[in-house]
Amino acid sequence: MSDNVRYEPTFAKEVFKNVDFGEKIKMCMQCGICSASCPLKDEMDYSPRNIFTMIRAGKRDEVLKSMAIMLCTSCYSCKVRCPRSIPVVDIMHGLAHYSINLGSIPRKDTANFGVEFWKQIYKLGRIDEKDLPRKYFFVDGMIDGIKNSIQMVDMGLIMLLHHRMKLMPEKKIKGIKSLRKMLDKASAMGKGGAKA
Amino acid sequence: MKYFFYWGCSLDGGSGANFKVSIESICRYLGIEIVEIDDWNCCGASISYAGANDLEVKILNARNFALAEAKGSYDIIAPCSSCYIQMNKFNHEYNGDEVVNSNINEILSEGGLKYTGRLRVRHIQDFLFNDVGINKIKEKVKKPLHGLKVAGYVGCQTVRPYGEYDSVEKPAVQDYILEALGAEAVLFPKKINCCGSGIFLPEMDLCLPLVKDILDDAINNGAELISTVCPMCAMNLEMYQGKINEKYNTKYDIPVVYLTQLIAIAFGMDLKKDAALNYNFIPPEGILLNAIGH
Numbered sequence: 285m286s287d288n289v290r291y292e293p294t295f296a297k298e299v300f301k302n303v304d305f306g307e308k309i310k311m312c313m314q315c316g317i318c319s320a321s322c323p324l325k326d327e328m329d330y331s332p333r334n335i336f337t338m339i340r341a342g343k344r345d346e347v348l349k350s351m352a353i354m355l356c357t358s359c360y361s362c363k364v365r366c367p368r369s370i371p372v373v374d375i376m377h378g379l380a381h382y383s384i385n386l387g388s389i390p391r392k393d394t395a396n397f398g399v400e401f402w403k404q405i406y407k408l409g410r411i412d413e414k415d416l417p418r419k420y421f422f423v424d425g426m427i428d429g430i431k432n433s434i435q436m437v438d439m440g441l442i443m444l445l446h447h448r449m450k451l452m453p454e455k456k457i458k459g460i461k462s463l464r465k466m467l468d469k470a471s472a473m474g475k476g477g478a479k480a
Numbered sequence: 017m018k019y020f021f022y023w024g025c026s027l028d029g030g031s032g033a034n035f036k037v038s039i040e041s042i043c044r045y046l047g048i049e050i051v052e053i054d055d056w057n058c059c060g061a062s063i064s065y066a067g068a069n070d071l072e073v074k075i076l077n078a079r080n081f082a083l084a085e086a087k088g089s090y091d092i093i094a095p096c097s098s099c100y101i102q103m104n105k106f107n108h109e110y111n112g113d114e115v116v117n118s119n120i121n122e123i124l125s126e127g128g129l130k131y132t133g134r135l136r137v138r139h140i141q142d143f144l145f146n147d148v149g150i151n152k153i154k155e156k157v158k159k160p161l162h163g164l165k166v167a168g169y170v171g172c173q174t175v176r177p178y179g180e181y182d183s184v185e186k187p188a189v190q191d192y193i194l195e196a197l198g199a200e201a202v203l204f205p206k207k208i209n210c211c212g213s214g215i216f217l218p219e220m221d222l223c224l225p226l227v228k229d230i231l232d233d234a235i236n237n238g239a240e241l242i243s244t245v246c247p248m249c250a251m252n253l254e255m256y257q258g259k260i261n262e263k264y265n266t267k268y269d270i271p272v273v274y275l276t277q278l279i280a281i282a283f284g285m286d287l288k289k290d291a292a293l294n295y296n297f298i299p300p301e302g303i304l305l306n307a308i309g310h
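Top to bottom, those sequences are chains A and W. First residue of the first sequence? That's 285 in this note's numbering, and the numbers climb one at a time after it. First residue of the second sequence? That's 17 in this note's numbering, and the numbers climb one at a time after it.
One chain only, chain A, in its complex shape:
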């Protein structure tokens, strides 16, 4: 028996159903222009083109635990250049979201940062640029948090001194309750599975 990879559609069907824009993977003809255009392709375990093939081959664990799905810089080069008009960037975002919801946590630091980012939007309706790194640095507890913060404190001070950081915490928007109600409904109606 050779090492040839066979199609195994179970995971692909799961992706079509649960991942935002996942059904667009059907259009992929494996030309690889997405991978060639990706700024962080050399740092990834699998290129975007490989991820699409692996989904078709049923490599569920490898895809959902791949760091590649969490390393998208959202530069949109892949989406612009894809000859089949596949929104590669949006699929990578969808895969990252689905994977985090399932508890796979593909790339811990970046996943934590993103989840904190969203929690802050849900809490305030806006992003507080100074509070976000703080929350993210302390995600692993007090000691790591202090270590991380000290490394970045010089930058925070520079920003504050140059009027590029607010001294006061960001307030909630007035319509936060109504916004949250709508977001809860969107969370239930949209793709991505239940939140972990």
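Don't read these hints as lab results, they were simulated from the structure. Built from N, CA and C at the ideal position, the CB exists for glycine as well. Some hints could be false.
The calculated lysine to aspartate or glutamate pairs, modelled on EDC-like cross-linking and capped at a C-alpha distance of 20 Å, are [claimed, not checked]:
(1) W:K158 to W:E200
(2) W:K165 to W:E200
(3) A:K455 to A:D438
(4) A:K310 to W:D28
(5) A:K465 to W:D55
(6) W:K165 to W:E301
(7) A:K349 to A:E298
(8) A:K461 to W:E126
(9) A:K475 to A:E307
(10) A:K310 to A:E292
(11) A:K414 to A:D438
(12) A:K458 to W:D28
(13) A:K469 to W:E122
(14) A:K461 to W:E122
(15) A:K403 to W:E301
(16) A:K456 to W:E52
(17) W:K228 to A:D326
(18) A:K308 to W:E109
(19) A:K461 to W:D55
(20) A:K475 to A:E298
(21) A:K414 to W:D28
(22) A:K431 to W:E262
(23) A:K407 to W:D55
(24) A:K455 to W:D54
(25) A:K310 to A:E298
(26) A:K458 to W:D54
(27) A:K475 to W:E109
(28) W:K18 to W:D142
(29) W:K165 to W:E262
(30) A:K455 to W:D55
(31) A:K301 to A:D329
(32) W:K152 to W:E49
(33) W:K228 to W:D286
Non-contacting residues of chain W with respect to chain A, defined by C-beta distances greater than 10 Å in every case (computed) [unchecked claim]:
(34) E40
(35) S89
(36) N117
(37) D142
(38) E185
(39) F283
(40) N296
Take the given structure of chain A and dock chain W to it, following the hints.
Just chain W now, with coordinates in the frame of chain A:
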């Protein structure tokens, strides 16, 4: 001329504060009226997808559009590239997909809101180039930036993916504006390379080389200064030069300013009060005073 300005979290007192000050200044000078969107929320930019599905991010944008539409029908200018793309993506998919459209309307109605899909979102470069126009900008220049060599850094989300006002592969609008100000836009092939954007902070080791590449390209082509139109690009290109110097034993020290700061200076406005140059980490004053002949 009247426009909605969607400032977004970065410009509203955050890392893009100097972008906002300079935009307000040049609008005042050009007689453009800025209409605020009351109680706006974040656009769901950057990396929020880690915690939210696509429909949740769309709802954030739907709410902003609905709030704006209730107040008027002016175009919305989104100076931050991430806001621009999120809002634009929303509009494209809301107007182009019946399922998205009906889901959004159903959810919006729960919040007592309504959107018809008629508002246009514009990038600040689109507004400057197509609405204000190169001729008007040239006319208004009082202190040309004589021979100042600028690398116009466009970044990613400024033109991609829709390319509504400029080429997605070889954008030129920023260079035209720079030249209208009397500056020299240097050759800069990496002007559309990615700076690492929203994952820069958690992925600093992987993203520092991206920024280093862009800085090298600007400097090797003779630039004295880099201009940009995105708060994320400005932050990553300016703030982390010190970290790059530590890591690579280099001596990068090139000022990074917003295009609108350069416009305010060329219009003869105040360097501090109107162009907010004192907000920049790497001081650009010396180079700019030299260019305008002080």
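Status of each hint after checking the structure:
no., hint, result
1, W:K158 to W:E200, "holds, 17 Å"
2, W:K165 to W:E200, "holds, 5 Å"
3, A:K455 to A:D438, "violated, 25 Å"
4, A:K310 to W:D28, "violated, 41 Å"
5, A:K465 to W:D55, "holds, 16 Å"
6, W:K165 to W:E301, "holds, 14 Å"
7, A:K349 to A:E298, "holds, 16 Å"
8, A:K461 to W:E126, "holds, 11 Å"
9, A:K475 to A:E307, "holds, 12 Å"
10, A:K310 to A:E292, "holds, 14 Å"
11, A:K414 to A:D438, "holds, 13 Å"
12, A:K458 to W:D28, "holds, 16 Å"
13, A:K469 to W:E122, "holds, 10 Å"
14, A:K461 to W:E122, "holds, 17 Å"
15, A:K403 to W:E301, "violated, 39 Å"
16, A:K456 to W:E52, "holds, 18 Å"
17, W:K228 to A:D326, "holds, 16 Å"
18, A:K308 to W:E109, "holds, 15 Å"
19, A:K461 to W:D55, "holds, 13 Å"
20, A:K475 to A:E298, "holds, 11 Å"
21, A:K414 to W:D28, "holds, 13 Å"
22, A:K431 to W:E262, "holds, 18 Å"
23, A:K407 to W:D55, "holds, 15 Å"
24, A:K455 to W:D54, "holds, 14 Å"
25, A:K310 to A:E298, "holds, 13 Å"
26, A:K458 to W:D54, "holds, 10 Å"
27, A:K475 to W:E109, "holds, 16 Å"
28, W:K18 to W:D142, "holds, 15 Å"
29, W:K165 to W:E262, "violated, 27 Å"
30, A:K455 to W:D55, "holds, 11 Å"
31, A:K301 to A:D329, "violated, 25 Å"
32, W:K152 to W:E49, "holds, 17 Å"
33, W:K228 to W:D286, "violated, 32 Å"
34, E40, "holds, 14 Å"
35, S89, "holds, 21 Å"
36, N117, "holds, 13 Å"
37, D142, "holds, 17 Å"
38, E185, "violated, 8 Å"
39, F283, "holds, 21 Å"
40, N296, "violated, 7 Å"
Violated hints, in rising order: 3, 4, 15, 29, 31, 33, 38 and 40; the structure is consistent with all others.
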